[in-house]
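**Student:** Sequences are here, hints too, so could you generate the full structure?
Residue numbers (the working numbering), protein chains in the order written: chain A, 1 to 322; chain B, 1001 to 1322; chain C, 2001 to 2322; chain D, 3001 to 3322.
Hints listed in this document are in silico derivations from the structure and should not be mistaken for laboratory results.
Among the hints, erroneous ones may be present.
In silico DSS-like cross-links for lysine-lysine, where the CA-CA straight-line distance does not exceed 30 angstroms [said to hold, decoys possible]: (1) 1268(B) with 1010(B); (2) 2126(C) with 297(A); (3) 10(A) with 113(A); (4) 1113(B) with 1126(B); (5) 10(A) with 2268(C); (6) 3297(D) with 2268(C); (7) 1126(B) with 3297(D); (8) 2126(C) with 2010(C); (9) 2010(C) with 126(A); (10) 3126(D) with 1010(B); (11) 297(A) with 10(A); (12) 1126(B) with 3010(D); (13) 1010(B) with 3010(D).
Values in this document were obtained by computation on a predicted structure and should not be read as measured data.
4 protein chains.
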Amino acid sequence: MKRRHSPVAKLGHVAAHTPDLDESLWFFNEVMGLQVTERDGDTAYLRGMRDWEHHTLSLTESGKSGVDHFAFRTANEEALDELEQQFEAEGEEITHVEAGEENGIGEAIRVEKFGHNYEFYWDVEKPDAPEGQRSGLRNRVYSESVGNRIAPRRIDHIHVNDPGQNAFDHDEWLRETMNFQLNERFEAENGEYWGWWYAVTPLPHDIAIHREPEDDPTQFHHVAYHLDSLQDLWTAGDICSEHGIEINNRSDGPAMHAITRADCMYVKDPASGLRLELFAGPGYLNFEPDWEPIEWKEETLGGPTNHQWHGGGPTWDGIDYV
Amino acid sequence: MKRRHSPVAKLGHVAAHTPDLDESLWFFNEVMGLQVTERDGDTAYLRGMRDWEHHTLSLTESGKSGVDHFAFRTANEEALDELEQQFEAEGEEITHVEAGEENGIGEAIRVEKFGHNYEFYWDVEKPDAPEGQRSGLRNRVYSESVGNRIAPRRIDHIHVNDPGQNAFDHDEWLRETMNFQLNERFEAENGEYWGWWYAVTPLPHDIAIHREPEDDPTQFHHVAYHLDSLQDLWTAGDICSEHGIEINNRSDGPAMHAITRADCMYVKDPASGLRLELFAGPGYLNFEPDWEPIEWKEETLGGPTNHQWHGGGPTWDGIDYV
Amino acid sequence: MKRRHSPVAKLGHVAAHTPDLDESLWFFNEVMGLQVTERDGDTAYLRGMRDWEHHTLSLTESGKSGVDHFAFRTANEEALDELEQQFEAEGEEITHVEAGEENGIGEAIRVEKFGHNYEFYWDVEKPDAPEGQRSGLRNRVYSESVGNRIAPRRIDHIHVNDPGQNAFDHDEWLRETMNFQLNERFEAENGEYWGWWYAVTPLPHDIAIHREPEDDPTQFHHVAYHLDSLQDLWTAGDICSEHGIEINNRSDGPAMHAITRADCMYVKDPASGLRLELFAGPGYLNFEPDWEPIEWKEETLGGPTNHQWHGGGPTWDGIDYV
Amino acid sequence: MKRRHSPVAKLGHVAAHTPDLDESLWFFNEVMGLQVTERDGDTAYLRGMRDWEHHTLSLTESGKSGVDHFAFRTANEEALDELEQQFEAEGEEITHVEAGEENGIGEAIRVEKFGHNYEFYWDVEKPDAPEGQRSGLRNRVYSESVGNRIAPRRIDHIHVNDPGQNAFDHDEWLRETMNFQLNERFEAENGEYWGWWYAVTPLPHDIAIHREPEDDPTQFHHVAYHLDSLQDLWTAGDICSEHGIEINNRSDGPAMHAITRADCMYVKDPASGLRLELFAGPGYLNFEPDWEPIEWKEETLGGPTNHQWHGGGPTWDGIDYV
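**Tutor:** Listed below in C-alpha cells is the structure:
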C-alpha cells in the first residue's frame, strides 16, 4: 500500500467563545500557564511555551460558550488551493476568511463537516516572545524563566464527539479524503466501533473521534496541550487541587490511558466549559510508514491486565459549536 | 515543652509469613525490585537499594499468612536495656530473641502491645552488596546497575489497624511512653479521631495507626518502601498493570494523599496478602523540634479543595499477626 | 516554497563490526539496556524498548571495528524503486542486498555517498517481543518489566564526519536530492559552516554532518538512542561511573546542548569504539512545514549566555567504515 | 558507643550583606524562586516553599558583602541555656541578641568559633504564607501555584572554609562539643584530611568544613537549598544560562558529587557574591545511630570509577564574614 500524503501538515489552533474572558484567562493563563500572545478587544490569543504560531488557542468574550472552529495548517500553499477546489467540487459550502480576520492568521477557508467547523490555512505569523521573555536558544520561543510549574509546551491534539452514523462518515472522510493515518481504534463487545485516533504527524494522534448515541449533539470534547514531563502533569493535578478545580470531572488525579499510551488529566475552564487535556510523558511517536491500526477491544484494554487507570478518564460531555 | 528523645532510632524491619515463598519472591523481588540479601531455608531476607541493615523485610514459608512482628532499632545499646526494664516494670510479657535467631539481627526483645508484635533490637549486621552489585560509591549499598525500573530505595514506614479504644491507648503509649512525635491526625465530623501518624525521624511518619470499629481485628495494614522519584512510582503502576496486579484494591493508579503529603500506591503480594505501599516524591521532612500536630478534618481534607486523589487510597483490610 | 516529500520515511538501523561481540553485548545490552532481538552466528541484532523493526543496531564479530552501513527506510515501496533508478541515472555503483541477508530486512540497495555507506530498504520484519517480555499494551513492544534503569526507547539519529568540501557536497545532496529538511546549522566566526542537522521527521534531526579538516578521514561519529526522561539520562551517567565508562571522553556528565536542544551524553563501546549518544528530554518536535534553518554563530551559541554545558560535548573522533 | 544528642536541632538561617538589595532580590527571588517573607527597611527575609520558619536567608543592604552570621536552632529551650553556660565556662565572648532584633527570631546568642559567626536560638516565628499563596495542604507552606520552575524547597546545609589547623580544631569542636555526627570525610593522598561533612539530622550534612591553606582567610563558602527533583535542578541550569549566570564558576551544568551523593550546582548572587548551591535528588538519608564516617580517598573518589562529574564542582573561593 502506498500511503498518500495528507494535504494537512499539523493541527493549528482552536477558537472558542467564553462568557467571561477574564475568568477564562485566569484559568488558561494564570493557573494553567499558557502564554498570552496578544489581547485584542474581546479576544485573547494564547499559545504554549514552544508553540511557534501566533496562537494555538483563541478565546472571544461573546456572552456564550462553545467552539467557533478548529484549524489545521496545510502542508503548503498549493495544498490549501487544492483543498478549496476539492470542497467546491464536492458542493461544500465554503466560508472564506480574510487575512487578519483572526489575528496572526492569513487567508483561510472554513467548511462544516459532520457538524464540526473545520478551518484550513497556510499563511501564519510566528511572532517572537516579548523582550525579556524570549529564550536565548533560537530553537525555543519562551525562556523557562517565564513558565509556572505547569507551563504547557505545545498544542497536541483535539477530540470531538460524533453521534451515530456521523462517526463512521467522519472516520471515512478523515482516512479516505484527508489521508489522515488511523493509528488506533476501539471496538466494543458488540462489534461496534466507538473511538478512532488519527495523525498526520508522528504524534499518537492529532484528532480523535468519539462516537455518541444517535440523538446526542455533535460536540467538541477537548483540546490537549503537551507538558514537558510526568512531574509537571502531577504538579498540574496538585495545583488544580489548590484551586478546587475538579480533575476528570471526578476529583481524581492524573491517569494513564492504554489508547495512545497517554499520561493525562482533564480539566475544564470554569467560565467557558472548554475542556483542556494536559498530556505528558513520552507516549509514543509513530514513524512507521506502514502502520496497521491497533485494534482495541474490551479484553485488551481492561480486564485483569488493566492499563486504564481511573476508569478511562473524563466523562463524555463536550461543548457545542457556536 | 521540652521534647524528650525516644528510645527508638528508626524502623527496622517487618517479618511476615507466606504460604508460597517462591510466589512472594516473584512479587517482592522480581516485580517490585527489592533485593534479596539471603535465602536461608524457608526464609528469604530482602532490603531496598539503600537499606544498610541485613534486611528490612523477611518472608518465611510456613503454610500461613500474617505478620510475625515488626521491629524498631533502639537509639543505642543502653536504650534497649532501659526499654526491657521499663516493660518488666509494667508487667509486660517479654520474649527474648537470641542473636542470630533472625539472620543479621542481634539480641532482641519482643512485647505484644495492643495486639501488635513489637520487636526492639540494637545489634544488627550491615552486609555489603554482593561482589559485582555493590556501588562504587561508599554512601550507597547497591549499584544502580542492579535495579529494575521500580527498585525501592529503603523501608519507609508501617501502618497498623486498631479496633476501638485500642487505637486511643496505642496512641497514648506511642506518644507518652515511647516519645514518638505525633505529626498529623484526623478527626471525623463527629469529633472522633480515626487516624494518627508518628515519627521518631524527620520522615512524615515511621508508624501510623488507623482506628477500626470496636469488633474488628487488630491488624497489620501495610509496610511502605520509598522510591527515588515520582516517575518510578508511575512506572510501578505501569508494571503492575502488565502483571494484572490490582492497585489500591481498586484498579486505579498512583495517588496523592493530603495527609503526610504522600505520592503513593498500594499493592498486595498475591501469595501472602501482605500489602506493600510504594511511597515516592519529596513529601516533607519535618525537622521542627516544636511541631504541633496537624489536625485534619473532613473540610480541610476533601471537599471543594481536594488533595486526596483516588478517594483516599486503599481499602482498610489488613492481615493478622501470626 | 513548496516542500517536496523525501523518498525516506525514517532512520532504520546501523550495522557495525566489533572485534569482541560478547564485550559489545555487555556494553549495549547489559549496561545500556538495549534489547537483543536475536543472536545469529557472529551477529547480534538489538533494538530499543519501543523500536518496532527487527533491529536498529546490528553488531558483527569480524576481527575489526567500524561501521558497515547505516540504513534508511523509504516512504513506500515505489520510493525504493525510484531511488534505485535515480542512483543508476547518476552513475552510482549500486549494491543489491538480498532479502534476509541482514536478518529481518527485505531487499535493499546500498550506495557509497561521500564515503558513507548508505542503505535503503522498504520491507522489514517487526517481530513481537518474546513471550513474557511483550507489553500488554498493543502500542508498545516490550514491557517496562524488562527494562533496566536506562532502557533506551528507540533509535533517534546518526551523526557523521565529512572532511572539507565533502561536507558541503553532502549537505547539498541531502537537501536537494534527498529532500531532507535542514533544521539547524552552525557558522564559525570566519563565516565557514561546520555543522548541519537534518530531519525527515519532526525530530530535531535524523542525521547530522560535522565538517572536519580536509585531510581527515570520512567517519561515522555516533548513533543516538532516545531515553524516556532526564532522570534516565542521569542514571545512565551514574551507571557509567559505576563501570568506569568515560562520559563524553572527558569524565563529565550529562550535558545540555543548544543545537537541537539536546539533553545528552556520549559513551563508547569499549570493544568496537562505536560511540553511543543517549538523548533525552523533550528537546523539540518540529512540525513546521516552512521551517527556516536556525543559523547558529559563536555569539548565539556560547558567550555570556551559554547554553552549551560541558563545552559542547564529545570529542570529534569517529570510527571508519569497513 | 552511646551517641549523645546534640544541643542543636537543625540549621536555621544565614544572614548576609549585599551592596545592592534589589539586584540580590532579582537573583534570589525572581530568578531562583525563593519566597520573600518580608522586606523591612534595608533587610529582606526569604525562605523556601517548605520552610516553616520566618526566614532561612536574610539580606541586608549595607554597602558591603559578606556573611553576618549563620544560625542553628537548639533542640529545646533548655539546650539554649545550657549552651550559653557552656560558652561562658569556656570563656567565649557571647553576644546577646534581643528578640526581634532579627525579624521573626527570638532571643539568641552569638559566638565566634574559629572565625565563624555562630548564632543559636530557640524562639522563632513561623508565619503562614500570604493570603492567596498558602497551600490548602496543612503540611505545606506555599501553594505550588506560587512557584517558578526552580522554586527551592528548604534550606539544606552550609559549607565553610577553614585555613590550616583551624579546620582540625573546628572538626573536633563540632564532634566533641556540639555532638554533630561526622558522616563523611576526605583524606588526600599525603594522608591529610581536607574535608568533613556533619549532620544533626538524617540529611547527608547540615554543615561541612573545607580546609584551605594556612594563610587563607576563614570564609563562608555557600548556603544550599533543596529542590524537589533532578528536573528542577536541570531547569535551574537552563534558567541560569538564559540569564548569563555562570554555573560552578565554570560554565558547566548540574553535577553529581560522590561525597554526600549530591546532585547539585553552584551559582553566585552577582550583587553580594554569596554562593548558592542548589541541591536535588534523593541523595541519601542517614538514619543509622551507629554510623561510621565514610573515609574518602582519591582512589575511591575519582580515578577510573569516577563519580565526580564536572571535576568536583565549584571553585573554593568564599566570602568573608562582616
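**Student:** A separate judgement is required for each hint: does it hold in the structure or not?
**Tutor:** Structure-based check of each hint:
Between the alpha carbons of residue 1268(B) and residue 1010(B) the distance comes to roughly 24 angstroms, so the proposed pair stays at or under 30 angstroms and holds. Restraint check for residue 2126(C) and residue 297(A): the C-alpha separation of about 22 angstroms stays at or below 30 angstroms, so the hint holds. A C-alpha spacing of about 18 angstroms is found between residue 10(A) and residue 113(A), which places the hinted pair at or below 30 angstroms, so the restraint holds. Between residue 1113(B) and residue 1126(B) the CA atoms are separated by roughly 28 angstroms; this keeps the pair inside 30 angstroms, and the hint holds.
Between the alpha carbons of residue 10(A) and residue 2268(C) the distance comes to roughly 38 angstroms, so the proposed pair goes past 30 angstroms and is violated. Proposed proximity of residue 3297(D) and residue 2268(C) is supported: the alpha carbons are some 27 angstroms apart, at most 30 angstroms. Distance restraint check for residue 1126(B) and residue 3297(D): the Cα-Cα separation of roughly 22 angstroms lies within the 30 angstroms cut-off, and the hinted pair is therefore satisfied. For the suggested pair residue 2126(C) and residue 2010(C), the alpha carbons sit about 15 angstroms apart, so the restraint of at most 30 angstroms is met.
Restraint check: the Cα-Cα separation between residue 2010(C) and residue 126(A) comes to about 28 angstroms, which is no more than 30 angstroms; the hinted pair holds. Simply put, residue 3126(D) and residue 1010(B) have alpha-carbon atoms about 28 angstroms apart, close enough for the 30 angstroms limit, and the pair holds. A threshold of 30 angstroms between alpha carbons decides the hint, and for residue 297(A) with residue 10(A) the separation of about 29 angstroms falls inside it, so the pair holds. Only pairs whose Cα atoms come within 30 angstroms are accepted, and residue 1126(B) paired with residue 3010(D) is accepted, the gap being roughly 28 angstroms.
In summary, the hint linking residue 1010(B) to residue 3010(D) is supported, as the alpha carbons are separated by about 18 angstroms, within the 30 angstroms threshold.
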